[in-house]
Amino acid sequence: MAELTYRDAVARGIAQEMERDSNVVFLGEDVARAGGVFKATVGLVDRFGPLRVRDTPISEQAILGAAMGAAMTGLRPIAEIMFADFAAVCFDYIANEFPKLRYMTNGQLGCPLVVRTGNGGGARFGAQHSQSIENWTMMIPGLKVVAPSSPVDVVGLMAAAVRDDNPVIFHEHKSLYATKSEVPDGEIVDTLGTAKILRPGRDATILALALMVPRALAAAETLASEHGIDCEVIDVRSLVPLDTQTILNSVARTGRLFTVEENPRLCGWGAEIASIVADEAFWDLDGPIVRITTPHIPLPAADHLEDLALPSAPRIVERIARVMNGARR
Amino acid sequence: MTSKKDRDGETALKNDDISPDIRQELFRLQVEIRDCEKRANDLFFQNMIKGTSHLSLGQEAIAAGMAMAMQPGDKSFCTYRGHAHTLARGVPMEKVLGELMLRDNGLMRGKGGSMHLTSVEHGVMGSYAIIGAHLPIACGAAWRAQYLGQDDVSVCFFGDGTTNIGAFHEALNFAAIWKLPVVFVCENNLYMEYTLTSEITAVEHPAADRASAYGLERIVIDGNDADVVYRTAQAAFAKARSGGGPSMIECMTYRHSGHSRADPAKYRPPGELERWLEKDPIKIYRTRLAEFGVPEARIRAIEEESKRKVDEATEVCKASPPAPAELLTTDVYADGGWAWRN
Numbered sequence: 011m012a013e014l015t016y017r018d019a020v021a022r023g024i025a026q027e028m029e030r031d032s033n034v035v036f037l038g039e040d041v042a043r044a045g046g047v048f049k050a051t052v053g054l055v056d057r058f059g060p061l062r063v064r065d066t067p068i069s070e071q072a073i074l075g076a077a078m079g080a081a082m083t084g085l086r087p088i089a090e091i092m093f094a095d096f097a098a099v100c101f102d103y104i105a106n107e108f109p110k111l112r113y114m115t116n117g118q119l120g121c122p123l124v125v126r127t128g129n130g131g132g133a134r135f136g137a138q139h140s141q142s143i144e145n146w147t148m149m150i151p152g153l154k155v156v157a158p159s160s161p162v163d164v165v166g167l168m169a170a171a172v173r174d175d176n177p178v179i180f181h182e183h184k185s186l187y188a189t190k191s192e193v194p195d196g197e198i199v200d201t202l203g204t205a206k207i208l209r210p211g212r213d214a215t216i217l218a219l220a221l222m223v224p225r226a227l228a229a230a231e232t233l234a235s236e237h238g239i240d241c242e243v244i245d246v247r248s249l250v251p252l253d254t255q256t257i258l259n260s261v262a263r264t265g266r267l268f269t270v271e272e273n274p275r276l277c278g279w280g281a282e283i284a285s286i287v288a289d290e291a292f293w294d295l296d297g298p299i300v301r302i303t304t305p306h307i308p309l310p311a312a313d314h315l316e317d318l319a320l321p322s323a324p325r326i327v328e329r330i331a332r333v334m335n336g337a338r339r
Numbered sequence: 076m077t078s079k080k081d082r083d084g085e086t087a088l089k090n091d092d093i094s095p096d097i098r099q100e101l102f103r104l105q106v107e108i109r110d111c112e113k114r115a116n117d118l119f120f121q122n123m124i125k126g127t128s129h130l131s132l133g134q135e136a137i138a139a140g141m142a143m144a145m146q147p148g149d150k151s152f153c154t155y156r157g158h159a160h161t162l163a164r165g166v167p168m169e170k171v172l173g174e175l176m177l178r179d180n181g182l183m184r185g186k187g188g189s190m191h192l193t194s195v196e197h198g199v200m201g202s203y204a205i206i207g208a209h210l211p212i213a214c215g216a217a218w219r220a221q222y223l224g225q226d227d228v229s230v231c232f233f234g235d236g237t238t239n240i241g242a243f244h245e246a247l248n249f250a251a252i253w254k255l256p257v258v259f260v261c262e263n264n265l266y267m268e269y270t271l272t273s274e275i276t277a278v279e280h281p282a283a284d285r286a287s288a289y290g291l292e293r294i295v296i297d298g299n300d301a302d303v304v305y306r307t308a309q310a311a312f313a314k315a316r317s318g319g320g321p322s323m324i325e326c327m328t329y330r331h332s333g334h335s336r337a338d339p340a341k342y343r344p345p346g347e348l349e350r351w352l353e354k355d356p357i358k359i360y361r362t363r364l365a366e367f368g369v370p371e372a373r374i375r376a377i378e379e380e381s382k383r384k385v386d387e388a389t390e391v392c393k394a395s396p397p398a399p400a401e402l403l404t405t406d407v408y409a410d411g412g413w414a415w416r417n
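Order-wise, the sequence lines are chains A and V. In the numbering used here, each number is its position in the first sequence, counted from 1, plus 10. In the numbering used here, each number is its position in the second sequence, counted from 1, plus 75.
Only true hints are included.
So the derived list for chain A, only partly shown, Cβ under 7 angstroms to chain V, looks like this:
1. SER69
2. GLN71
3. ALA72
4. GLY75
5. GLY79
6. ASN116
7. GLN118
8. ASP175
9. VAL250
Derived list of chain V stretches under chain A, where covered just means 3 residues or more per stretch with a C-beta under 8 angstroms from a C-beta of chain A:
10. 185-197
11. 243-251
Just so you know, these hints were derived from the structure itself, not from any lab. Where a beta carbon is used, it is the ideal one built from N, C-alpha and C, also for glycine.
Input sequences plus hints: build the corresponding full structure.
Below, the structure is given as structure tokens:
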């Protein structure tokens, strides 16, 4: 057991899988010699060589297209899209090619690959390098979508993603790269499609993803100590497959549901979950489902403005306390 | 060139690099593609094919010449105008027509349709309907061959219109820097869809002139002569197999019909189609076979056999049921189903 940063967990997860299976290859911009612009893949090229860990030109379509061609003929590629925002440059592969291949060919071909993205805000990069795009990928049938919040989940979910026979979009959060926690030694393999209850509670359920997870946990502590509200915090982790049972069971216990989403308001992942809970657990609810999200705006670069935009622990506390104390919204 | 009858009564050819068997096979493939495409056209007008369809009438020599030069393990990456390339790899007509007719006997049981013909067992790794998408994908398949030390070649077909989209340029650079065993084949039929490519492209030869910019040889050939295509393909495939890297082959050709079933091709200047019909690949090749001493009776037999095959395939498809309802939700995910939640 040792402390590991989220950043180093990325390299450890990839290395664990490359060590196990020589068909696992890794490509992206500045990922090999430079070790990645976020330094999340340092050392991989030295360990596995330049034929398995390959620097590419700034060609997002070629990166994802090549990953797909390799995946459908026997390799298990991991491709990096440096900033998640750049997914828009190569969205054809994410929306039209990877997820439809198996269906359109009636199962003749599959696309077992992982696309890593540097997702999310908080780094003062402005509107085109800060977006949370998990909902862009969640909406497409045929993809799997995960977004880990801790180093141990990075390692375990990376392993699960690489071993999965489907295209998996793996959203790493840029503002979590420097965070640290204990990670067990040895091989770690997690399961896609499983949410984790990080803090049990009786009064309300809070769902969060990636950077919103530590904020939701901090908010839950304050809500308990200052407002006497005992919140259960669930790290959703995997948007597709979605662990609805963990969520529905929690709502059955607490009777209240809050989502904390970094994505802009419209069509955020919480909207889909709110719809499922309203359909299937309406009579378990003691009050309205409330979504706490980034407002429906592009993200500003200025630090004080960006901090106002993204859900913060104090904002989560304020909103939940107000709603739980009887306010309509 | 000289020729003599051999003891079996077949024609043996001297001073020629293409054997009589291969010549007859090249002719057979072109004729069968032509007949199958014409049948597809007829079935549209009988309302037996829904959706859209993009025919290769007039472009058969490219599919035939390329496929004849391929080895069984080689991979074809086609476009929505991909019926010809699929048939050329030996996929049975009834599987192709069945998919066009969206019947259960089709290649993908009706789940893909005309624009996505795929037959992995024949090396047809899909037909791609988003312009340019499959050039990087073919690069990836070639990268796999290079990485695993396998000697198959990835062959990627596309039209002149593809040369102006970004993925084309990303793929060429990628293939060149990684020296990938991929062969890009541009079927330049002069029109992107309804617009002349020459009017919207900065260079005369949209694929070959760009290839030079990525350090590749500038190759422009007569795409209506199956012999020329076959020879050029052999050289490019040999280069790819021996580690020599990618090639770009621009094949000049002409589609006899419009872009898709919706297009009567009224934008063509008078006389243009007639001029190209003089250069019809099948007409050229029929004359070629006769020049090389293939008896008229043999040529006719190939033609009649083709018509019989198309008729038989059509009947099989007409008798096949539509795709069953349970296929709606199969193969979304690798477990065979579509579950996105528990």
